[in-house]
Amino acid sequence: MASSSAAQPPVDNSPADARSVSDDSDSGNEEGWEDVEAEDDSQPVVGLFTEQVFPDVRSMLQECKEKHSFDLSKIQKDLGLDFLDTIKLVNYVRSEVKAGNKTPDVSSKAKFADNAFMKPVLEDDALLYSLDDIAEEDTEAAPGNDAERKVIELQENLDRLQTQFSEYRLAVQKSLADQLNKEDEKLEPGASVKKSPADKIEEADEGYFTSYAYNTIHESMLKDTIRTDAYRDFVYENKHVFKDKVVLDVGCGTGILSMFCAKAGAKKVISVDNSDIIDRAKEIVYDNGLGDVITLIRGKIEEVTLPVEKVDIIISEWMGYALLFEAMFDSVIYARDRYLAPDGLMVPSHATLRIAPYADPDFIASHISFWDNVYGFKMNPMKLNIYEEALVRCTESTSMAGDSAVFLPLPLHTITVDELTFLKEFQVTINQDIDALDGWAIWFDIFFMPSRDSIVPDNPIPSDMQKKGIVAFTTGPNGTQTHWMQTVCLIDHGKHAPKPLKKGQVLTGKIGYEKKEKGSRLLNLDIEWQDENTKSAQHWSLA
Amino acid sequence: MDGSGTPEPTGVIASSADRMVGMEHSEVRYFTSYDHHGIHEEMLKDDVRTRSYRDSIYQNRHIFKDKVVLDVGCGTGILSMFAARAGAKHVIGVDMSSIIEKAKEIVATNGLSDKITLLQGKMEEVHLPFPKVDIIISEWMGYFLLYESMLDTVLYARDTYLNPGGLIFPDKATMYVAAIEDGDYKDDKIGFWDNVYGFDYSPMKEIALTEPLVDTVEMKALVTDPCPIITFDLNTVTVADLAFKVPYQLTARRSDFIHAMIAWFDIEFSACHKPITFSTGPHAKYTHWKQTVFYLRDVLTIEEEEKVSGWLENRPNDKNKRDLDIDLSYKFETNDPTRFAEGSCSYRMC
Chain A
1 MASSSAAQPP VDNSPADARS VSDDSDSGNE EGWEDVEAED DSQPVVGLFT EQVFPDVRSM
61 LQECKEKHSF DLSKIQKDLG LDFLDTIKLV NYVRSEVKAG NKTPDVSSKA KFADNAFMKP
121 VLEDDALLYS LDDIAEEDTE AAPGNDAERK VIELQENLDR LQTQFSEYRL AVQKSLADQL
181 NKEDEKLEPG ASVKKSPADK IEEADEGYFT SYAYNTIHES MLKDTIRTDA YRDFVYENKH
241 VFKDKVVLDV GCGTGILSMF CAKAGAKKVI SVDNSDIIDR AKEIVYDNGL GDVITLIRGK
301 IEEVTLPVEK VDIIISEWMG YALLFEAMFD SVIYARDRYL APDGLMVPSH ATLRIAPYAD
361 PDFIASHISF WDNVYGFKMN PMKLNIYEEA LVRCTESTSM AGDSAVFLPL PLHTITVDEL
421 TFLKEFQVTI NQDIDALDGW AIWFDIFFMP SRDSIVPDNP IPSDMQKKGI VAFTTGPNGT
481 QTHWMQTVCL IDHGKHAPKP LKKGQVLTGK IGYEKKEKGS RLLNLDIEWQ DENTKSAQHW
541 SLA
Chain B
1 MDGSGTPEPT GVIASSADRM VGMEHSEVRY FTSYDHHGIH EEMLKDDVRT RSYRDSIYQN
61 RHIFKDKVVL DVGCGTGILS MFAARAGAKH VIGVDMSSII EKAKEIVATN GLSDKITLLQ
121 GKMEEVHLPF PKVDIIISEW MGYFLLYESM LDTVLYARDT YLNPGGLIFP DKATMYVAAI
181 EDGDYKDDKI GFWDNVYGFD YSPMKEIALT EPLVDTVEMK ALVTDPCPII TFDLNTVTVA
241 DLAFKVPYQL TARRSDFIHA MIAWFDIEFS ACHKPITFST GPHAKYTHWK QTVFYLRDVL
301 TIEEEEKVSG WLENRPNDKN KRDLDIDLSY KFETNDPTRF AEGSCSYRMC
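Same order as they appear, the protein sequences are chains A and B. Under our numbering, the first sequence has 462 at position 462, and the numbering climbs by one with no breaks. Under our numbering, the second sequence has 137 at position 137, and the numbering climbs by one with no breaks.
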């Protein structure tokens with residue numbers, strides 16, 4: 001599951017006035033920033049080697065050159081430093097000087113390669129904010145042979161730097177908050193530091209740390225190679241499909257799919273996510289030099305404003321447990337209807353939901369009968385939940401008492417939100433003698449067709465489709481397990497007395513999906529099933 | 001005890017959600033995660049844990065006989081039932097989670113309803129049917145002993161309800177640290193972010209380095225002797241004592257690399273006739289608490305008999321008191337300047 005619907009950071013208890021103060025300071029900061037760009041000459045800056053405050057960056061750097069033999073532009077050129085390297089260089093020099101070393105070793109890039117030097121040593125370091133101006137001046141000073149070509153090049157360069165800069169600024173705000181938090185005691189309110197209210201720092205901090213909780217989720221998703229490989233394979237094996245296209249990534253998470261698309265030649269990738277992870281994604285995209293192709297936007301897809309009217313491709317990893325848990329697919333459908341060009345492509349393009357009869361006496365013994373005697377006590381009431389809640393777990397293919405059947409094909413180009421609430425018929429044949437039917441297992445398969453005109457067969461099997469060169473994967477018990485596992489609905493044997501079933505017996509039934517009223521990310525599952533003479537029905541929730 | 005370990009998605013069950021209006025989101029998540037029975041199954045099946053409690057109660061019937069007992073965070077009610085079976089006059093079980101509805105049914109099923117009163121709510125808000133109690137029992141321990149722990153609630157119950165001379169089961173907890181060689185796994189957990197499908201994911205690596213990992217550590221991974229860093233005596237400890245900064249020193253038992261520090265805890269029921277203890281360390285039988293692993297940025301190259309020393313500081317996070325901020329500093333002094341190492345790392349358990 002991607003995390004576009006991930007929880008907001010815990011609500012702060014700070015009083016309303018404190019919040020408004022912090023808002024003011026945010027916007028004040030914003031304006032302060034605009035000022036820097038408009039009239040950079042008047043921006044005072046602290047010296048690199050002294051605590052002296054200079055009226056502008058140029059005079060400060062002049063002093064560094066004359067008195068401390070530190071020529072920033074020369075070092076930049078000699079070591080071939082890009083924007084980020086220069087940021088790190090500045091922070092490195094400042095931290096060395098702060099530690100008492102007035103002649104920091106800048107003989108090689110490796111001295112300040114550590115990303116720790118991304119964190120500013122000084123708050124609101126005017127030097128960092130002026131680096132693009134310095135670059136501009138330098139290039140202005142360059143000899144102009146092919147003047148016209150040079151100007152175009154410079155313009156492009158500047159645009160790129162400005163994009164890079166805005167990315168960096170976001171990163172700085174985050175790391176700054178982190179740093180200030182750590183060095184809390186050094187922060188004396190009212191001193192040289194702008195009277196930035198603690199609330200502002202705390203708010204940024206909260207966002208920063210809230211994202212920690214998601215690290216494990218993103219790790220487990222990225223390490224789910226069945227999932228990530230499938231997206232990668234489709235994108236990289238179909239570069240012609242992505243070349244020069246505008247792509248929308250809904251629920252982009254850490255940005256991996258966006259970066260695949262950018263590498264495959266997309267002209268522009270717009271990536272939307274409503275979770276704090278997007279701040280990490282911005283850093284990652286930037287670190288990988290893809291900041292000029294990928295635009296990351298935080299917000300709900302239903303609420304954000306995209307920089308384009310239409311997109312050629314929508315890529316998304318929206319699948320939840322039992323496919324539709326968390327209801328993120330609704331947002332993908334919204335994005336499709338609102339932004340996808342009429343001949344645009346959905347990636348992936350098709351999904352199928354499957355159901356199979358489940359029999360696993362060992363699991364029943366260890367997880368259900370367990371409650372009959374717990375250290376000498378009867379705990380039968382604990383069994384109730386097991387039948388009310390669908391379980392998400394890895395099952396063995398040997399626990400499937402029959403072949404699975406598709407109960408809902410989902411053509412992603414055309415399916416509507418209304419169709420995600422349904423009651424569908426299914427039929428399965430028991431393929432081994434069992435003492436009892438213990439439940440139903442549900443999973444889904446995913447297909448990546450290269451064109452919206454591609455035809456998918458009625459009962460598509462991922463392994464068969466793969467043989468035809470189609471990228472596809474299953475989340476069923478026959479394939480390598482994925483982080484989606486399978487959803488198991490256990491039958492309450494107290495209400496539906498267990499009875500043996502014979503190989504070859506046919507079971508027919510209906511399965512219904514419905515969003516739970518409260519909190520629409522939860523799902524209600526209803527299954528009815530019957531053999532020759534008995535009809536049964538049970539309800540589960542996936543919460 | 002610890003709700004974070006469950007792989008199952010946490011959801012808000014209406015019955016308890018209604019009681020949690022106005023609570024912080026993180027608090028709601030904490031309490032509702034107990035509504036899912038998977039976590040209770042895991043805890044009850046943690047035989048080291050449950051058997052230690054059972055033995056400390058059943059082997060001390062003379063202590064429990066005719067006493068009023070308070071079970072803080074009673075869950076499914078297993079400890080309350082142990083105490084009732086051991087002859088307690090009355091047992092009061094308190095839990096915030098809606099699991100208490102199940103506990104009531106379970107207590108009734110076992111014919112103990114007249115001996116056990118179960119109350120749903122926060123310890124600070126419920127009204128007990130007895131003004132004072134003779135014994136407090138509680139299974140309050142979390143990962144790293146203190147993460148999402150209920151110890152502060154137990155201390156509140158002690159200060160408010162425990163008779164002078166009353167007993168607490170268990171009443172002692174000791175935390176330990178040691179250093180381990182863990183190259184392969186560190187590479188898998190931390191190095192992973194260096195190259196994710198050909199992309200540089202270093203911003204995630206920074207985060208990963210701040211997250212302690214709850215996992216089982218094999219005995220053979222230990223490079224140093226363990227060092228006890230702090231003991232809490234529940235009869236006297238205060239909430240303020242739960243934020244602490246303590247030194248440690250570790251002596252290498254063999255020449256190896258150090259990639260991480262680990263922490264665990266031992267629990268003692270010293271009020272028993274014959275004290276009962278259990279350990280959650282790497283040398284002991286598996287418990288659901290496992291061990292807590294803190295990866296270092298550096299790799300230390302240490303030789304037998306050499307020492308690493310430093311400080312471990314723990315404090316609840318200002319924002320969410322169930323989160324822990326942990327700082328770990330280390331200094332490896334050796335005559336070999338190429339191997340000297342010193343540093344400090346900050347972690348957050350959340």
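If you're looking for bench data, these hints aren't it; they were derived computationally from the structure. One thing to keep in mind: the hints can contain errors.
As the list claims (entries may be wrong) - Below 20 Å or equal to it, Euclidean Cα-Cα: the simulated EDC-like pairs (lysine to aspartate or glutamate) are:
hint, chain 1, residue 1, chain 2, residue 2
1, A, Lys-223, B, Asp-184
2, A, Lys-111, B, Glu-342
3, A, Lys-119, B, Asp-200
4, A, Lys-119, A, Asp-82
5, A, Lys-510, A, Glu-388
Stated by the list, open to error - From the structure, some residues in chain A lie toward chain B, with a derived Cβ separation under 10 Å:
hint, residue
6, Phe-83
7, Ala-116
8, Ile-256
9, Phe-260
10, Arg-280
11, Asp-287
12, Leu-290
13, Gly-291
14, Lys-310
15, Arg-336
16, Ser-369
17, Gly-376
18, Phe-377
19, Asn-380
20, Pro-381
21, Val-406
Said to hold, decoys possible - Chain A side only, calculated, beta carbon under 8 Å to chain B, not exhaustive:
hint, residue
22, Ile-368
23, Phe-370
24, Asn-373
25, Val-374
Every residue, glycine too, gets a C-beta built ideally from N, C-alpha and C.
| Given Asn-373 of chain A was flagged as interface, is its beta-carbon under 8 Å from a beta-carbon of chain B? | Status violated, d = 11 Å.
Check whether the Cα positions of Lys-111 of chain A and Glu-342 of chain B lie no farther apart than 20 Å. Holds - the C-alpha atoms of Glu-342 of chain B and Lys-111 of chain A are around 18 Å apart, at most 20 Å.
(message) Under 10 Å is the threshold here; is the Cβ of Gly-291 of chain A close enough to any Cβ of chain B for the hint to stand?
(response) 13 Å, violated
- Query: Is the hint on Asp-287 of chain A kept, meaning its closest Cβ partner in chain B is under 10 Å away?
  - Reply: It holds, given that the least Cβ distance between Asp-287 of chain A and chain B is near 5 Å, below 10 Å.
When the nearest CB of chain B is found for Val-406 of chain A, is that gap smaller than 10 Å?
With a closest approach of 25 Å, the Val-406 of chain A hint is violated.
Discussion item. Would the hint linking Lys-119 of chain A and Asp-200 of chain B be met if the CA-CA limit is 20 Å?
Written reply: Roughly 18 Å separates the two Cα atoms, so the pair holds.
Quiz item: Was the hint right that Phe-260 of chain A lines chain B, CB cutoff 10 Å?
Solution: 7 Å, holds
message: Does Phe-377 of chain A hold up as a contact with chain B if the rule is Cβ-Cβ below 10 Å?
response: 5 Å, holds
(message) Holds or violated: Lys-510 of chain A and Glu-388 of chain A, Cα atoms, limit 20 Å.
(response) 18 Å, holds
### chain B contact restraint on Gly-376 of chain A - CB to CB distance below 10 Å
8 Å, holds
Checklist entry - Is it true that the CA of Lys-119 of chain A sits at most 20 Å from the CA of Asp-82 of chain A? => result 17 Å, holds
Closest C-beta approach of Asn-380 of chain A to chain B relative to 10 Å, hint status:
6 Å, holds
Checked against the numbered hints above, the structure breaks hints 6, 13, 14, 15, 16, 21, 22 and 24 and satisfies the rest.
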